[in-house]
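Visitor: For the protein sequence lines, the chains are Z and H, in the order given.
Note that the first sequence covers residues 526 to 917 in the working numbering.
Note that the second sequence covers residues 26 to 489 in the working numbering.
Bear in mind the hints are in silico, worked out from the structure with no lab data behind them.
One or more hints might be untrue.
[Stated by the list, open to error] Simulated coverage check for chain Z against chain H, where a stretch passes if three residues somewhere in it have a Cβ under 8 Å from a Cβ of chain H:
| id | region |
| --- | --- |
| 1 | 712-722 |
| 2 | 790-796 |
[As the list claims (entries may be wrong)] Here are some chain H residues the structure puts well away from chain Z; computed CB gaps all over 12 Å:
| id | residue |
| --- | --- |
| 3 | Glu158 |
| 4 | Lys164 |
| 5 | Phe231 |
| 6 | Arg322 |
| 7 | Val323 |
| 8 | Glu463 |
[To be verified] Interface residues of chain Z toward chain H, partial, derived using beta-carbon atoms under 8 Å:
| id | residue |
| --- | --- |
| 9 | Arg684 |
| 10 | Ser728 |
| 11 | Leu761 |
| 12 | Ile853 |
All C-beta atoms, glycine included, are put in the ideal place defined by N, C-alpha and C.
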Amino acid sequence: MGMSFAGKTAVVGIGATDFSKNSGRSTLRLAVECSDAAIRDAGLRPEQIDGMVLFTVEDNHEIDVARNLGIPELTHFSRIHHSGGAACGTLHQAAMAVASGACNYCLVFRAFNERSETRFGVGVQNRAPAPTPMEVDFGWSSPFGLLTPASWVAMFARRYMHEFGATSEDFGRVAVADRKHAANNPKAHFYEKPISLEDHQQSRWIVKPLHLLDCCQESDGGQAFVVTTLERALDLPQPPAIIAAAAQGSAEDQQMMKSYYRDEITDIPEMGLCARQLWRDTGLGPSDIQTAILYDHFTPLVLPQLEEFGFCARGEAADFIRDGNIEIGGRLPINTNGGQLGEAYIHGMNGIAEGVRQIRGDSVNPVPGAQNVLVTAGTAVPTSALILSGSH
Amino acid sequence: MSESEEPGFVAGLRESIGRSGSIWVARDPVNPAMIRHWCDAMGDHNPVYTDADAAARSIHAGIVAPPAMLMAWSMRGLEPAGEGPDDAEDPGTGVYRALDAAGFTSVVATNSEHDYIRYLRPGDELHSSQVVEDVSEEKKTGLGVGHFVTTRTEYRNQHGESVGRMLFRILKFKPGTGRMAQAGGQEAAERPMRPQPGISLDTAFFWEGLEAGELRIQQCGACSVLHHPPMVRCPQCGNYDLGWVEASGRGTVYSHVEPVHPAFAAFDPPYVVGLVELEEGTRLLTNIVDIDPEAVRVGMPVELVIRRENSQGSLPLFRPVCPPRSEVTRAGDAVAVGDELPPCPIPITTTLIISTAIASRDYQDVHHDRDLAMERGSPDIFMNILTTSGLCARYVTDWAGPEAVIKRLSLQLGVPNYPNDTMTLSGSVRSSEAGRVEVAIRGYNRLGNHVTANVELELPPASD
Ligand SMILES: [Zn+2]
C-alpha cells in the first residue's frame, strides 16, 4: 500500500542565501532571507504561508521567522529529528501536511552559520557526562577519541574497503565528480576549481582512511522551499517539481552515526527502507532515474547508497563509479550542483534545490531529459529520501 | 665543526680510521649454557638452539647458537682487567676514550648489520678483529650532541674460517644535551582528561565491571542473548531482567580508524580507535594499543587490557595477541612479497632489559643500573641493541619456522625501549625468490619507532 499523498504535492518555490564561509549575518537573517526568496519564487505572499517544517537542530524558531516575514497564522508546524537525515524528511512532512489539509502552503528551511559559528567538525570532546540517553550514547565512543563526524563515518569506510576491496581512490572519484560539477556552478564555493584524483590522494589525512577531500565543506547559508498541493501548484508561475514520493527510514538496531553493532555495517538499511518505499509509491525503478543528488557529507557513504537504490549490485559501487557513471554524460550524474563537497554544506537542503532545478531545466549542469530526480538525505543516521518529477 | 671542540679534534679521531686492532679471542668457546641463558632471556624457544634431539634431526644436524649472539660471544663481560688486548693500542677503544675525555661520556648503539656466514656451534672459538670505519662530525641528535663512530668486525673460528661480519655504529654524546632526556613521564600528567562517559542506571554495570577488572557484556536472564550497547528490555523475548557475563577478552578487529585532524589534547597521536568483535559475538568501540597504527588490520586477533589512561575510570582497551611460534618451517614458494607477519607485542620490563643485557654479556651501566643511567641523562635503563637484534631474529624465525636460517640482520634504532612499555614488532615480506626471503620489521613502543630492521632468511625453496 502506497502513501496517499504520493504525486499529489509539489515544490513550487525555492530560495537560498549566498553560500559562504562567513555570512556576516545572524542565522535568523539567513533564515528570513532564504524563506523570503522561496516565497517570492513561488509567486506567493508571506501571509499565504500557513505551515512550517524545520529540522529539530534548526536554531531559529518558527515564530521568529513568521514574525519577520509577516506570516500572521500557522496551522501546522513540526520538526524532524536526526540532523542531515531530516533533509528530505522535512519535505515529506510538508507534503503530508498540505495533502491532508493541515495547511495549504508549507514553508521549509534550514539556515545556519555552520562555518563561522557552530562547526560540526570540531568534535564532541567537551560534552559534560550525564545519565541522559545522548551522553550514555557518546559514552561508548568519546572516551576512545572517536569524536568527529568524519571519524564516525571512517569506521564504516574501513570495513567497506575490507569487504569489497574498495580503495581510497574509489572514494576520491566521488569527490572528483562533485568538484567537476561544482566547477560550472557560480554559486559553488569551488566554482572553477575542479580537482584530480591525484589532488584527492595528496590531500592531508583527516581520519585515516579519509582524506581532507573526502569531507564536505563547512558552510554558512540558508535554503528554503515552499510546498503545496499539485492542484494549487498548477496555478503558480513555476513549473512544479512534483514530490512523486517521499519517505523516511530508520532500520533495525539503528544508532546515531554509529550503527556499528549490526550484523553488517557496509550497507545502509535505513536508506534501503526509503528506496523500497519510493519505488513502491512511484512504480519507478533505477532505470527511470536520470540524475540523483546523493548525500555526500563524506564520500564513502555515497557508494552503498548507489547499491541500496539498485543502481548497481551490492559491493559493486566502486566499479560503477570507476566507469565514469556518476559524472555529467554518464549513466547517473550525481550532485550536479557540486554537492556538499563542491557547492556548500547546507545539511542536504541545497541538494534538494538542485533536484528542483533539474526538473525545471535550469541547473548549471542540466541533465538532458531529467524527468525523475532522486534526492537522499544524511547517511549513518535515520534518514529520508524523495523523488521529484516533472509534470509532463 | 662545533666551537666546543678544539680545532682538529675530529681529524685527530679520524686518524684511527682503517687501522685494525689486535685479534681478540672470546673468553669462552660457544657453549650450551650461554645459549640457554640467552634463549631464556629472549623468550626464544626455537628447539635448534636448546633441544639436542630436535637439533640433531634439523638441517643443522646438531645444536647451533642463535645467530644474533654473534657479538655476545666476543663481549668482554664485567671488567675483565688484564685479559684483553692492550686497550690503548686498540683503535676503537682509543676513539672512545678520546670522546670520553672531551665530555661525550654517554653511549648508545644506533645501527648494527650482521652477516652470518655460518651458524656457530658449541666448541667454536671466536676470534674477532675490529676496524674503525668512520667518525662523524659533531651532530645534534634527540639524545644529545655527539659523534657517530662506525666500526667493522670480522669473526673467524679457531680454524681461521670466516663465520660472520658486523658493522656497528654507536653515538657518543654529552649527557643532558638532548630533548629525549626530558621526555617520558611528565607529559602524561599534564594531559587533559579524556571525555568521560555518560553513565545511566542501565549501563553502570559495564563501567563498574571495568573497575573490578572485567569486561561485562549484558545478557538476557531469560533467553541468554547478549546485547551491546546495553538495553533495558530484551527485544528477543521481552524480558526486563537483564544481567551480564564476563567477556573472555579475546576478539578481532572488525574495523579501525586513526583520527588525525583536528588534534585533541587528551589523545596523543597517533592513536587508533577500533571496533572490536568479541568472541562472544558483540562488538564494542575501543583503542587498539601497543601497536604501530600502520600495522593494525581488520581481522587481527586482539586481547583485552583494562587500563586507566588519562581517564576518570578504567577503560577496556585491546592490544594485539602474540602469534604462536610456527613449529613447521615455511617453504620459500609459500612466501610472497607483501605477506605480513602478525604483530607481536613484547612487554618491556626491567627484568627483560637486565636479563637480556647480561645474557648478551653487555655490562654497560645504562642497561642495568637505573641510578647511573639517570646520571647519564636517561630517564631509566634501556634495552641494549643486542637484545633488539635477538628479539627481531626470534620474531622472524618464530614466524618462518625453526629451520629458517638467518643470513643477514641489519637494524637501525630509534627511540629507546624503557621499562614499563610494550614494544610491538610487525613486519612484511619485501622480497622472496628461490627460498631467499627478506623481511622488513618495525618495533613500535609508546615513544614511537624503536627499531627498523631487515632480516634476510634462507628457507627450503619449495614445499613438498
Ligand atoms: Zn531475552
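Visitor: Hint by hint, note whether the structure agrees.
Guide: Hints, one by one, checked against the model:
1. Coverage of the region 712-722 of chain Z by chain H is violated [criterion: at least 3 residues with CB-CB distance below 8 Å; count 0].
2. Only when three residues or more bring their CB closer than 8 Å to a CB of chain H does the claim for the region 790-796 of chain Z stand; here the count is 1, and the claim is violated.
3. Interface exclusion of Glu158 of chain H from chain Z stands, the closest Cβ pair being 40 Å apart, more than 12 Å.
4. For Lys164 of chain H, the condition that its CB be more than 12 Å from all CB atoms of chain Z holds, with the nearest at approximately 31 Å.
5. At roughly 9 Å from the closest C-beta of chain Z, the C-beta of Phe231 of chain H falls inside 12 Å, breaking its exclusion from the interface.
6. A cut-off of 12 Å between C-beta atoms contradicts the statement that Arg322 of chain H is not in contact with chain Z; the least separation is 9 Å.
7. Listed as outside the interface, Val323 of chain H is inconsistent with that label: its C-beta sits roughly 4 Å from the nearest C-beta of chain Z, within the 12 Å cut-off.
8. Every C-beta of chain Z lies more than 12 Å from that of Glu463 of chain H, the closest at about 26 Å, which supports listing it as non-interface.
9. At its closest, the beta carbon of Arg684 of chain Z sits 4 Å from a beta carbon of chain H; the interface hint therefore holds under the 8 Å criterion.
10. A least Cβ separation of about 11 Å between Ser728 of chain Z and chain H goes past the 8 Å threshold, and the interface hint is therefore violated.
11. The restraint placing Leu761 of chain Z at the interface with chain H is violated, with a minimum CB-CB distance near 46 Å, outside the 8 Å limit.
12. With a least beta-carbon distance of about 32 Å to chain H, the hint placing Ile853 of chain Z at the interface is violated under the 8 Å criterion.
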